[in-house]
Amino acid sequence: MSILLALVSTGVGFFVPVLTGAAVDGPIAQRDLRGLTLLVAAVAAVGLVEAASQLIRRTITAAMTAEWEVLWRRRLFAHLQRLDVAHHDAWDSGQMLSRATNDLSMLRRFAAFGLPFIVITPFLIAIGAIMLAFIHPVFVVILLVVALPTMVGVAWFSSRYKIASRAAQDVMGEVSTSVEESVQGIRVLLAFGRSPWATARFRAIVDRLRDHEITKVRLEAWLFGAVMVLPQLAMVGFAIVGAWGVVDGWITLGQTVAALTLMMYLRMPIEMFGFLLGDALMSATAAARYWELMDQEPRITDPDRDGRPAVGAAAEATDAAPRPAPQPGVLEFDDVVFQHDDAHEPLLRGATLRIEPAETVALVGTTGSGKTALAALVPRLFDVTGGSVRIDGVDVRKLTLSDLRSRVGVAFEEPILFSASIRENVAMGTQAIEGAATIDEERIREALTIAQAADFVAELPDDLDTEVGEQGLSLSGGQRQRIALARAVAGHPPFLVLDDPLSAVDVETEDRVQQQLRTVLDTTTALIVAHRPSTAALADRVAVMDAGRIVAVGGHEELLATSAVYRDLMGVSA
Amino acid sequence: MSGATDAQDSRSPHEPDELPPDIAARARRLLLDLVRPERTGYVIVIAVMVAFGVANAAGPALIAQAMDHGIPAAIAGNMRALVVPMTLFLLLTLLIGVLDFWGTRMTGTLAQRLMVALRRRLFDHVQRLGIAYHERSTSGRLVARQTSDMENIQTFLTGSLVELVAGLSMMGAIAVTLLVMDLRLAIVVFLGFIPLLWVSIASNRAQRRNQRRTRTAIAKVIVQIVETLGGIRAVQSFRRESHNLDRIDAEDDEYRRATTSSLFNVAWFAASTRLIASLSTAAVLLVGGWLVMQETVQVGMLTAFLLYVRRFYGPLDSLVQAITMYQSASAALEKVTVVLDAAPEVVEPASPTHLPPRAGGGRAIEFADVEFSYADGETVLPCFDLAIPAGQTVAVVGQTGAGKSTLVKLLTRFYDPTAGRVTLDGVDLRRLADAELRESAVMVTQESYLFGGSIAENIRLGRPGATDAQMRAAAEAVGLAPFISRLPDGYDTDVRKRGGRLSSGQRQLVSFARAFLADPDVLVLDEATAHLDIPSERLVQEALSTVLEGRTAIIIAHRLSTVEIADRVLVLDRGRIVEDDAPAVLIEAGGRFARLHAAWEESRV
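Protein chains in written order, with this note's numbering: chain A, 1 to 574; chain B, 1 to 605.
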């Protein structure tokens with residue numbers, strides 16, 4: 001449609017020289033003022049049609065392309081949110097971001113301005129060539145002589161330009177990652193006075209970006225120079241051959257003039273084509289980059305049932321819920337093996353642990369023994385490489401993600417708060433049961449009280465409505481941890497997975513949190529990753545992890561008596 | 001305005017969506033500043049582009065000459081009349097090609113130089129802005145400045161600027177030609193300028209508004225994406241996906257509306273310039289035709305004139321496009337200017353003092369009449385004095401929010417005190433060069449941020465010049481070596497995004513290794529062992545006891561195990577030092593610290 005209108009607005013334009021020509025030859029030569037007025041009115045009318053068709057075309061594409069960019073960004077964003085953590089760890093965030101923003105903006109700009117022209121230009125040139133053939137075939141021969149090397153040149157240009165533009169767009173992603181790191185790691189950079197180091201890293205990237213951009217510009221310079229010169233060379237050829245033909249008598253003066261005039265009109269689209277070619281190639285690269293990311297298959301997905309992929313998780317959750325739970329409240333790790341994609345050896349090598357309903361088990365082990373990995377398997381942030389994880393007796397891979405994650409409350413060692421009010425951050429935990437809509441203030445206060453966060457929240461400028469997270473008030477590590485803990489317990493989930501949830505909290509507060517937490521833990525099946533004897537003491541049993549296996553399970557006192565590894569971990573010298 | 005809102009304003013992110021009124025002028029100053037060092041280059045480029053435009057305008061005149069007179073003359077036997085204009089045209093064509101080639105190259109090179117300079121300036125400035133700014137700002141917004149905004153400026157500089165200059169000079173050249181050809185008809189053409197100018201100004205104004213909206217909106221979208229990607233674990237665990245999708249829909253909706261109105265504006269602008277061009281052609285035809293009838297103008301002249309009028313309006317389409325890009329680029333530049341205009345709260349002295357040569361045994365620290373409040377007036381540390389002799393290890397304890405972190409942030413000059421002064425060996429920190437201060441005083445915090453790259457690179461952050469052996473020694477001292485030896489590429493293993501390959505305990509050990517490698521006079525540990533298990537903590541403490549020999553140290557720890565190696569304990573409560581003595585003495589005295597210590601002992605099994 002828009003291409004059609006582009007053809008109309010460009011095509012109608014050709015009438016103007018025809019009309020003016022007619023006016024000069026007709027009414028003006030015959031001194032017919034009335035006829036002249038008529039033709040002038042016709043010129044104005046053509047102008048009106050031309051302007052109107054352009055207005056309509058641009059208006060249509062405007063709404064369309066803007067809509068389009070947003071839609072495709074939404075698709076990518078939704079896809080990124082579905083993509084599993086392992087993929088996220090493997091991709092630079094800047095590479096993901098640049099595909100969602102720069103690449104899509106580039107595609108949108110091209111679709112709005114370049115695309116209609118790059119589609120109609122070959123037609124215009126073809127029509128021009130046919131018209132030349134009607135005037136005299138010799139002109140087409142000249143056109144071809146000029147056009148063939150141009151095409152070879154364009155092919156050469158395209159292959160080079162594609163490489164340079166891909167490299168430049170990839171480096172753009174690195175720029176974004178580098179900026180993000182230098183801002184998020186600003187405390188480390190400041191503490192060590194290493195801003196110059198970060199600056200040097202950034203400069204190296206920017207210099208590479210510049211080099212790729214300059215390569216592009218140099219290639220463009222050749223192309224632009226060529227598309228400027230070649231049509232004009234064709235005109236020189238036309239004039240020479242035309243003059244020779246007229247002198248020899250096998251061509252008329254009128255034919256030569258007509259060919260030259262036609263070529264003058266063809267110049268614009270040919271030049272335009274040159275300018276747009278670069279944009280077209282960049283857009284092709286942008287599209288390739290976009291699809292590369294879209295083509296990453298999420299490896300952690302809802303189970304297939306009845307042969308149809310269950311993607312609409314929310315809808316499926318209700319179907320999955322009434323499934324009979326053979327062993328309600330049991331969290332079980334069965335010979336779990338887990339290995340990162342690019343690791344040489346597994347991190348978990350057959351970990352087996354059964355947590356009974358309403359039981360609390362503390363997971364202890366040295367740094368890097370696999371505790372966090374084991375905890376991350378429960379909400380399926382990662383999937384097991386071997387063995388299985390079961391809740392309520394069902395393999396977690398057999399549950400829809402939404403169902404599974406609504407049953408498991410988690411708190412991470414590094415608390416992540418969203419840019420939202422405290423109310424909303426905590427309420428996220430309750431959406432487990434009654435959906436995002438209901439936000440029960442009573443329950444939020446209760447959760448905050450358990451996490452010993454109620455007092456400091458009450459002192460914040462807007463109480464529960466204080467905005468926190470990256471776009472909000474900055475809280476201390478301990479405060480963030482307590483809000484994250486409140487979020488985990490707010491929904492009263494049947495399962496709790498807490499990864500060292502109080503590491504940044506002072507001893508007195510920790511003590512109070514633990515007293516409160518006991519009431520919650522009495523009715524919840526919980527796995528708590530712990531570093532401290534005090535946290536371990538909170539549990540009914542303690543599981544000791546060493547080199548990817550659970551090596552001992554038992555009560556705190558019992559293990560102190562029997563396990564040397566545990567004594568060592570708890571800092572008790574034998 | 002209430003005090004509570006004040007507090008929020010000063011401590012939460014503030015990127016005013018309304019720009020300061022003189023932002024356009026400030027952005028222009030910035031641009032001039034960037035252009036100045038290359039001004040010769042810019043003058044040459046503009047000259048090249050003007051020549052290009054003029055040469056482009058002259059070409060058709062020569063062709064017309066060849067067609068109208070050359071060919072008939074050639075038929076009549078006078079080849080010269082054809083050869084001369086054709087040779088000139090050929091030469092002109094080659095000249096145009098060369099001008100275009102060099103113009104494109106030079107513009108591109110200059111634009112890239114400017115982009116590199118602007119990017120560096122922004123990056124350096126953001127690094128200088130200090131912690132107070134970063135606590136209010138978001139990484140996503142700064143990423144938007146360096147990517148999306150910069151991209152827009154670059155697109156304008158490399159592409160549209162050339163079109164603008166070449167197009168305008170071509171129009172100028174043709175305008176002169178028209179004047180020479182026939183004054184009366186030229187005036188008819190120039191009458192079209194009045195509506196043209198009016199439309200341009202109106203559109204320009206609207207575009208400025210639209211593009212500012214677009215830039216603000218896309219930054220919000222980027223912030224949302226960065227935040228989602230950064231917290232993907234939490235997003236998925238708490239099924240935040242659909243909420244995030246709603247949010248990006250809302251923010252992208254504003255972007256879509258801003259983009260659409262900008263494109264609508266382009267549509268109106270382009271269509272009305274087209275209409276003006278056609279009407280002006282019609283007017284020339286009418287007036288010209290009438291003049292021909294009056295026999296004051298020749299038919300050939302009118303034909304040529306009409307041809308030129310058409311060419312005159314030829315570049316208008318690309319000019320419309322270039323003006324839109326110009327507004328987009330200047331809106332982006334304004335956004336960058338806002339960041340560059342933010343004044344760093346902690347400023348490096350112009351003529352710094354040096355620390356006295358180290359006598360051995362660390363450096364003496366003194367807080368004299370120091371007071372610290374936030375910008376909103378909330379006092380964190382009321383006026384206090386504190387002297388720490390060289391070589392002493394001091395533990396600071398107290399509840400969350402007692403002001404412990406603020407105290408050490410003053411010592412490491414993350415903040416400057418509101419009143420009083422902090423000195424190192426008698427020298428006010430504000431008079432020290434940043435490099436010297438950071439070399440003498442290093443802080444390890446609870447958050448152990450890892451940068452993309454290898455483990456070795458991350459440890460070397462402590463001292464970039466360190467040898468391999470020194471770097472390995474630091475890793476061994478904190479007990480990282482066995483873990484690193486199991487990694488696929490040892491020290492050269494990539495840590496993955498934000499150190500994802502390492503556990504949080506291991507990341508903290510990397511921070512320690514950095515600090516050991518940095519080998520400072522004053523070491524500050526702010527909750528630096530929070531994520532460590534007890535055996536690792538013991539190992540670090542063993543290493544610390546040797547490292548801290550001959551050094552001044554301040555240690556903040558909730559776990560009192562660290563206190564065992566301290567010579568002195570400070571207990572902070574609501575910003576005041578309430579106890580200050582050797583740990584044994586405090587335990588004896590039975591105050592706050594004694595109670596904390598008893599609770600701690602009890603918690604350890």
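Hints are computed from structural coordinates only; laboratory data are not their basis. Heads up, a few of these hints could be off.
[Stated by the list, open to error] Chain A regions said to be covered by chain B (calculated; three or more residues, Cβ under 8 Å):
hint : stretch
1    : 94-106
2    : 118-127
3    : 134-146
4    : 153-160
5    : 390-399
[Unchecked claim] Some residues of chain B that are not near chain A, with every Cβ distance over 10 Å (derived):
hint : residue
6    : Arg39
7    : Ile75
8    : Leu90
9    : Leu197
10   : Ala202
11   : Asp341
12   : Ala364
13   : Leu386
14   : Thr423
15   : Asp425
16   : Gly500
17   : Gly590
Please read all numbers here as calculations on a predicted model, not as lab measurements. Ideal Cβ positions, reconstructed from N, Cα and C, are used throughout, including at glycine.
Evaluation of the provided hints:
Look at the stretch 94-106 of chain A against chain B: 8 of its residues bring a Cβ nearer than 8 Å to a Cβ of that chain, three or more, so the hint holds. For the stretch 118-127 of chain A, the stated coverage by chain B is not satisfied: 0 residues place a CB nearer than 8 Å to a CB of that chain, which falls below the threshold of 3. A stretch counts as covered by a chain when three or more of its residues have a beta carbon under 8 Å from one of that chain; for the stretch 134-146 of chain A and chain B the count is 0, and the coverage is violated. Proximity of the stretch 153-160 of chain A to chain B, defined as three or more residues with a beta carbon under 8 Å from a beta carbon of that chain, is not established by the 0 residues found.
Only residues whose C-beta sits within less than 8 Å of a C-beta in chain B count toward coverage, and the stretch 390-399 of chain A has 0 of them, not enough to reach three; the restraint is violated. Every Cβ of chain A is farther than 10 Å from the Cβ of Arg39 of chain B; the closest lies at roughly 20 Å, confirming the non-interface assignment. Distance check on Ile75 of chain B: its Cβ comes as close as 5 Å (rounded) to a Cβ of chain A, failing to clear the 10 Å threshold; non-interface status is violated. Against chain A, the non-interface label of Leu90 of chain B is violated: not every CB pair exceeds 10 Å, the least being about 5 Å.
Every CB of chain A is more than 10 Å from the CB of Leu197 of chain B (nearest about 18 Å), matching its label as outside the interface. Every C-beta of chain A lies more than 10 Å from that of Ala202 of chain B, the closest at about 16 Å, which supports listing it as non-interface. Against chain A, the non-interface label of Asp341 of chain B holds: every CB pair exceeds 10 Å, the least being about 18 Å. At the 10 Å boundary, the C-beta of Ala364 of chain B stays outside the reach of chain A, the nearest C-beta of that chain being 20 Å off.
Residue placement check: Leu386 of chain B keeps its beta carbon more than 10 Å from all beta carbons of chain A (closest about 21 Å). Its beta-carbon lying about 18 Å from the closest one in chain A, Thr423 of chain B satisfies the requirement of being farther than 10 Å from that chain. Chain A leaves Asp425 of chain B outside its interface by the beta-carbon criterion, the shortest separation being 18 Å against a cut-off of 10 Å. A beta-carbon of chain A is positioned within 10 Å of the beta-carbon of Gly500 of chain B; the least distance is around 4 Å.
Against chain A, the non-interface label of Gly590 of chain B holds: every CB pair exceeds 10 Å, the least being about 17 Å.
Violated hints, listed in ascending order, are 2, 3, 4, 5, 7, 8 and 16; each of the other numbered hints is respected by the structure.
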